[in-house]
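Residues per chain are reported as follows:
Protein chains: 2
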Amino acid sequence: MKRILVTGAGGFVGRQVTPLLAAAGFEVHAVGSSTHAERGAVMWHRADLLDPDQRKQLLAASRPDVLLHLAWYAKPPDYWRSAENLRWLTASLELVQLFVAQGGERIVGAGSCAEYDWRHGYCTEEITPLRPASLYGAAKAACGGVIGGYAGELQVSAAWARLFFLYGPFDSPVRLVPSLVRSLSAGQPARCTAGSHVRDFLHVGDAASALVALLQSKVSGPVNIASGSPMRVADLARHVAATIGRPDLLTIEPGPAENAFVCANVARLRNEVGWEPPADAAARLDETIQWWQSSEGAPRRG
Amino acid sequence: MKRILVTGAGGFVGRQVTPLLAAAGFEVHAVGSSTHAERGAVMWHRADLLDPDQRKQLLAASRPDVLLHLAWYAKPPDYWRSAENLRWLTASLELVQLFVAQGGERIVGAGSCAEYDWRHGYCTEEITPLRPASLYGAAKAACGGVIGGYAGELQVSAAWARLFFLYGPFDSPVRLVPSLVRSLSAGQPARCTAGSHVRDFLHVGDAASALVALLQSKVSGPVNIASGSPMRVADLARHVAATIGRPDLLTIEPGPAENAFVCANVARLRNEVGWEPPADAAARLDETIQWWQSSEGAPRRG
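Top to bottom, those sequences are chains Y and E. For the first sequence, my numbering begins at 9 and goes up steadily by one. For the second sequence, my numbering begins at 9 and goes up steadily by one.
Honestly, the hints are just simulated from the structure, not real lab data. Computed from a predicted model, the values in this text were never measured in an experiment. You may find that some hints are simply not true.
Claimed, not checked - Selected chain Y positions facing chain E (in silico; Cβ < 10 Å):
1) Arg11
2) Leu94
3) Val104
4) Thr136
5) Ala146
6) Ala147
7) Gly195
As the list claims (entries may be wrong) - What follows is a list of derived Cβ distance ranges for each label pair:
8) Pro262(Y) - Asp61(E): 53 to 59 Å
9) Glu261(Y) - Asn279(E): 17 to 23 Å
10) Ser41(E) - Glu261(Y): 54 to 60 Å
11) Arg127(Y) - Ala69(E): 43 to 49 Å
12) Arg278(E) - Ile135(Y): 30 to 36 Å
C-beta: ideal position from N, C-alpha, C; glycine also.
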C-alpha cells in the first residue's frame, strides 16, 4: 500500500480528494493548517507548511511515497496579488526537496489555468505559451516549471495538474456559482458581468477524481484538469437562475472583450491519464446549487 | 547618490559591472562569497546569500536603493542540472523581499537566454514563449517571472536581464572561446562541435555596460542583453584559429540539427534602454583571445 501525503487536505479540492484516495487503497496522510476530525482511513497531521521545522517533522512522521501538494494561499481575491505567493512557492520547493530526500517517488502538484497566456484561449499543455497575468499565476508557473526540472534531474516522477474553473461545495462564497445561488435564493437581484465569456467549468468532485487518476498514472509534466466542454458564462448563470426559479432577477452583461475564451484541451487527461470527464455536467451543477441552498452552504460561510 | 547592492560582484559579470557602476556615480556595495580587495569606490561585503541571517545583515549594512542581483550557482557544467538552482531561486526571492521591505526602489536581476523556447530561435522578450530545457533555465524563468509579478504588485521597478552568450576574461576555461584559445595556443588540436549553429555572442564587458544602462533606465520586465548580431559558431572558431595562427589544428563539425539558431531581438535594449551594441565585435574577440593567452588567463585557472 502506497503512503500518500496530501497537503491542503482540508481545502476546497483537498477535502474531496482525500476520501477518494483512501477508497483507492492509499494510506492517506492529510495535512492542513487547522484540526480536522479523523475521517475513515485518513490520518490527519496538523502543520504549518511555511514553517521549516514543521515541514521536516511532517515528512518524518508521514514518510510518504507519493505527494499530492494542494496547499497554497487561496483567499479570494487577495491570492491573485499577495506576496504570500512567494512564501508558498519557497515552501513548496523545500517540501518537494524534503519529500525526495526521504525517498518519495511521485509528486502531483496543483497548478492553474492562470499560468497560460490567455490570449491563446485554447490551452494545450506543451503548446500554449505560459504568460501569467497575476502574481499567483507567475508563482504557480514557477513552481510547476522548477518541480518539473528538478524531478527530471532526480528521476522522480512528477506531474503538474493545471486546474481550470472549479465549482462545488465549500468553494469561496464570493465566486460565481455560490454568489448567484445565494443572491437569487434570497430574492436579491444578481448580475453576471462576463456573460459572453466562455470558460471550462468542472465540478470539484470530478477534479478530485481526475487527480486520483493522475496520481495513479505515470504521466509526467503539466496536465490540464478540466471538462473539455466550453460553456458560456451567461448559459451557466441562466441555468442557475432557471433552477432556482428566479430568471427575472438575473441581469447579464457581456463583459470585457479580453480573455473572452479560456478553455482546456483535455487530450492528455483523456488519452494519457485515461480519465473521462462526466457526461452530465448539468447534474453536477444542480447538485452544487442544492448544496449552496442547503444548511451546509448557508450564509454563515460568508 | 544612489546606493546599489551588487550580488555576485566577484563573478564573471559582476567583476566587470562594479567598476562601471562606481564610475557612473553609484555608491557601490558589492557582495561575494569570497574576500576581495577594496577597489576604488566599491565597498565589499562578504556574505553567503544562501544564509537567511547573512542576507538580513547584508541588507541592514548596505541599505541599498537599487539591487543588481547577479549571484547564482554558476559552475559549468553542473549548474544546468544542479539542485542548487532551487536554493538560489529561494534565496533570490527572499533577498528581493528584504530589499523591498527596507525601502529598495529598483531591481535588475540576471536572467538567461536559457529561459526561452529555443525552437523559436529568434528570441523577443514579450513574444517568444519560455520553455526552458534545463533546471537552470526553469529556475531563472521562475525567478524572473515571480520577481516581475511581485514588483508589479508592490510598485517597485524591476527589470530582468536575459543574458545571451557571453565571453571574455575570467570566464570558465571550459567554455568555447577559452577552450579554443588554450588548445590552439598550446599547439593542440581543437574541435568545434557545433559549427553550423548560429548564436548571439557578446563580450562580458559590453554586457556590463548594457546592465548599467538598464539599471539607470526605467525599463521594466524582461530585456535581452545581447549583440543582436548572429554569428556562426564556425566563423567564431575560425577567427580564433586564424588570430592564433593555427587554422590547421581546427576541426569543425556541424553539430546537431536542433537549436541551430538562438539569437536575440535587441530592439528593447536599443530603443527603450538606449544602449547600442559595439560596432566592432571582432576587436572585442581579439582582446579576449589576447587575455586568455596572457598570464592572467593562463592554465592555472583550469
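The hints, checked one at a time:
{"no.": "1", "hint": "Arg11", "result": "violated (23 Å)"}
{"no.": "2", "hint": "Leu94", "result": "holds (5 Å)"}
{"no.": "3", "hint": "Val104", "result": "holds (8 Å)"}
{"no.": "4", "hint": "Thr136", "result": "holds (8 Å)"}
{"no.": "5", "hint": "Ala146", "result": "holds (4 Å)"}
{"no.": "6", "hint": "Ala147", "result": "holds (6 Å)"}
{"no.": "7", "hint": "Gly195", "result": "violated (38 Å)"}
{"no.": "8", "hint": "Pro262(Y) - Asp61(E): 53 to 59 Å", "result": "holds (54 Å)"}
{"no.": "9", "hint": "Glu261(Y) - Asn279(E): 17 to 23 Å", "result": "violated (39 Å)"}
{"no.": "10", "hint": "Ser41(E) - Glu261(Y): 54 to 60 Å", "result": "holds (57 Å)"}
{"no.": "11", "hint": "Arg127(Y) - Ala69(E): 43 to 49 Å", "result": "holds (45 Å)"}
{"no.": "12", "hint": "Arg278(E) - Ile135(Y): 30 to 36 Å", "result": "holds (31 Å)"}
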